[in-house]
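Could you build the full structure based on these sequences and the hints that come with them?
Residues 753 to 1856 (the numbering used here) are what the sequence shown spells out, left to right.
Heads up, some of the hints might be wrong.
The list that follows gives simulated cross-link-like pairs (lysine to aspartate or glutamate, DMTMM-like), each with its CA atoms no further than 20 Å apart [as the list claims (entries may be wrong)]:
| no. | residue 1 | residue 2 |
| --- | --- | --- |
| 1 | K1041 | D949 |
| 2 | K1055 | E1128 |
| 3 | K1806 | D1842 |
| 4 | K1675 | E1636 |
| 5 | K1707 | D1774 |
| 6 | K1181 | E1636 |
Simulated from the structure, these hints should not be mistaken for laboratory data.
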Amino acid sequence: MRKLTAFALVLSVLLFQFTPLASVKAETVEPVVSVKLVNYLGDQHAITIKPSYLYTIKNSDLVLKANTEYTVTATTQGVTLKQGSTVLGDFTSFEITPSLYKNPISINGRQYLGDVAFTNEKGTYVRPVNTLPIEDYLKGVVPNEVYTSWNLQALKTQAVAARTYAMSYAGKVINDTVSYQVYGGYTWYDSTNKAVDETFGQVVTYNNKLINAVFSSSNGGRTESNSNAWGGTQLSYFPVKEDPYDKQTPWTLAIQKTQIDLTGKDLANYSAWWNTVSEKDKTVTDNLKSWLVANKHPGKTIKITSIPKVSFYAPSSGGRVTKGAITVDYLVKGDVDSSQKLVVHHLELTDLTSTKLKSMLNSRAMLSLLVTETNETSTSTTFNGKGNGHGVGMSQYGAQKMASVGKDYREILDFYYPTTTLLSFYTTKYPRKEQEQEAPKDTVAPDAPSVNALGDNETSLTGVTEPNASVIAKVENEVIGTGLADEAGKFAITIAKQPADTKVSVTSKDAAENESTATVVTVTDQTPPSVPIVDEVSDQDTTVTGVTEANAAVTVKAGDATFSAVADGNGTFTASIPVQIGGTTIAVSAKDKAGNESQAPSFAVKSTLKAPLAPKVNAVSDQDTMLKGTAEANATVIVKNGSLQLAAGNADAKGNYSISIAKQKAGSTLSVTAQNAGGTSSATAVTVQDKTAPAAPKVNAVSDQDTKVTGTAEANATVTVKVGTTTVGTAKAGANGAFSVAISLQKANTKLSVQAKDAAGNNSSASTVIVTAKQKAPVKPTVNEVSDRSTAVTGTAEANATVIIKNGSLQLAAGKADAKGTYSISIAKQKAGSKLSVTAGNTAGVSPVVTVTVQDKTAPVTPKVNAVSNQDTVVTGSTEAGAEVHVKIDKKVIGKGNAKSDGTFSITIPKQPASTKLAVIAKDAANNYSSNTFVTVSAAQTKPALPTVNTLTEKSTAVTGTGEKNASIYIKAGGKIIASGKINGNGKFSVKIPAQKAGTEVTAVLQNKVGYSPYKIVKVQDTTPPAPPAVNAVTSLSTFISGKTEANAVITIKSGTKLIASGKADGKGQFKVTIPKQKSGVKLAVTAKDAAGNTSSAVNINVK
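This is how it looks when you write it as structure tokens:
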């Protein structure tokens, strides 16, 4: 169901654009509506329909049976109706109607009431059109718009809105999608049925015309106007206003700025990574790529690399954003520059409509245009908002909330569609066919049943025929089985097994006793031959013999080879095979003419030979690539290392063999066997000998101060160190090959020879190392003074030494002293008080550390000083933390103190006259002074005085008067601010207001930076005289004059200039004033005066 979906009716609203609708003319009978079925059906070349009762085809004798499936297929010119494979008719289009209205028809599994026409759409698709009374249409709409469990008053509100909307397209063919309203067919619920029934015929109107009763899921707490949302003339029933009942549905749309990181990616060889990378925000980027393909790169493949900028702006009076902008970087597959590198495209779109940008991004995440917050970081842009939908008209969640607090549907409609009227559009239900008419007689026989293949080993006959039909199976007119098809037409009848080639005749009969033509099925041979009986086979035999089914094809498998033969009429067979080695597996199977194959029992070839003796093997070393020895003449020799077979070969006629192998690791044990047709010998084991000399040792440098020679050689080898031919030391390398040989001190430039010998006595070639003279580490370097303004450290050290400068464990810089030992090394400025360590190093080591403290040579920053008035006794501001702050007038210090650890200060001073110039300076602990900050003492501001307000009347549309220059002014009436403005530089103001009723108290208040003025209250004066009184007839016998005028007005009666009587009207305006009798023909003037002293014009009356 399309429950509470975003922008539920946008398409339909755009369709109508709020053009004036026809005037409401009260109807007596409920109208019908015709609906194209698109939403749930889609575009189908063929559809399945299934009536729940008899349906007839209009203008045809054809009858559709209950619970029977039919197929409607599109043709080039129209549609075809079929039952099974039988064509019932070809039509340009056709329409069906039920015998009883209450019985629905199923269309591709979804049920519908009423009539259904089947038409051809675009020469390709079948398009059903469902026609039914509008109230039943609404029962299929409302459950798809709101939750059926909601309060009845909310459901009734939805029903009226949906009906009003539906009536705006009465007489048109609509569809069941969001383009109008989602219609689910006969998916009814008791709660929504009740809501539709209890509001039967009711619609919302304005000036006696139907409104477009649009609605959305949630308005975010504020309704939107129609003109803001879609343009056009503003309608009074779609205002912008706060909605305290809406749930203010929150939503978030987050977009990563980097979608695909191109760092390290070869844009020239993009095929290596194109298919393995994807964007981070798939939904957003898929939408953008669709737009780019449609508008910029038709038929191309695109990847979005970044969305560095996206924004929504220009909110409407309803708070919804109206504009948007976006920047996108992207790649187009195959679009390369002259160097064959992918081109990174850059697209900037500005001044887009917010609706357009929203659809380009992710409409499902961004539920509305009511954006309340935008958060942008270096990596992402996040939009937060409220609401779900356009926000115009009714909020569905708001309606539910109003209903839950006791509001009825009339109050809810009045809140969301103010100034409208609820009317009954019609009062009588459209007639529905409630009694069954006599059904046409069924004379159509079922189609011949479709029967599945039947084997001679089967006892069930299966197939498909007309649903619920009786099925009869016969052999030569003798019934061998009967049964019933199920509702899908499937059947399975139990029968006795029938011999192969038997012909079985199958018919079906419907409930009207119409019998189909017969379907004849021939019983097939599905019984395989029995397992062949096979004679023994030895390693001397060249045939396989045995017995199986007569004339069967025999297959013999010997190892991986296959041989064949055909049994004779007695079932005897002989298959020729080559001689097989004893133990070879043989399998024999038989296949009859029907292709049924027997099982294939297997057996081993009997061996008549003996296995050879174990072979003899010559010595093998880790250098050998050939294995040699002797074995039985012509035997197969197999060589293995563990379970791994290395090689195989044959001994010659004298038993000699020579087999190529890969070099094997010393110490490996090889296993060698000989094999003939009689079997395999026992194994001869041979160990691979070590004949490989170790590699020359790797020797570390040796100085004239060393008493050890160290390095690496083959693991466990014996290492010997010589000077000339004299051995000066030996030692054994460890398991990891490391060695350390003790020697006596040797002179510089002595040549040492180092050689390794393994356990097998193989000697390596010698490595040579020359004894070097050992160097000493440098002495301490000298370091010149370093301040917090220095960008280099200078001094002296050993010539050509490497100088390293650190702050704690952090290395700041390194450099070399020159040939004279002078150095100058660039560093970043360091904080005063930091301790730097400086060392000098050479190949022999590092000097002791020299520590130098960074001196403070930086003056504090100029203090920031807050405004000072002539009422202040402190000067406040901020400067360097801990600095001493002085406040001066000229050279005289009038106050001082220290800044806190956060740099703020508060210095006590005596009050100073306005316009006094103060100098504020800061001094740090190293006596560095900042520059002065000057501040002029100002006169302290006070709250505004009471404004003067000129007289207001009920006709006034502006409040005028005087007050403090440049102050803000607020006008209130009834406790609410009705207007605001600014007093000009001359101290005058004029603020527009809506006209107020006489007697209303209007309040004016001023505001400046200090605070608010006292409230000035002005009462609106009444300057409008009453209307002339309505006076009843007076005769010469009358002793009073009566009539009607303004409530409580004073009535004055004159004859000429003479006052003859006066009185007062009551609270309803009725008056009765006693007068002396007057002569006939006398003319009396009657006036009314209100409490404000305004007198009406006179009404002249002649005494009769």
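Pair hint outcome, K1675 versus E1636 [Cα-Cα no greater than 20 Å]: holds (5 Å)
Holds or violated: K1707 to D1774, with C-alpha atoms at most 20 Å apart: OK: K1707 and D1774 at ~9 Å, within 20 Å.
Pair hint K1041 and D949, alpha-carbon separation not exceeding 20 Å: violated (48 Å)
Agreement of K1055 and E1128 with the hint, judged by alpha carbon distance not exceeding 20 Å: violated (23 Å)
Satisfaction of hint between E1636 and K1181, Cα-Cα up to 20 Å: violated (94 Å)
Satisfaction of hint between D1842 and K1806, Cα-Cα up to 20 Å: holds (17 Å)
In summary, the numbered hints that this structure violates are 1, 2 and 6.
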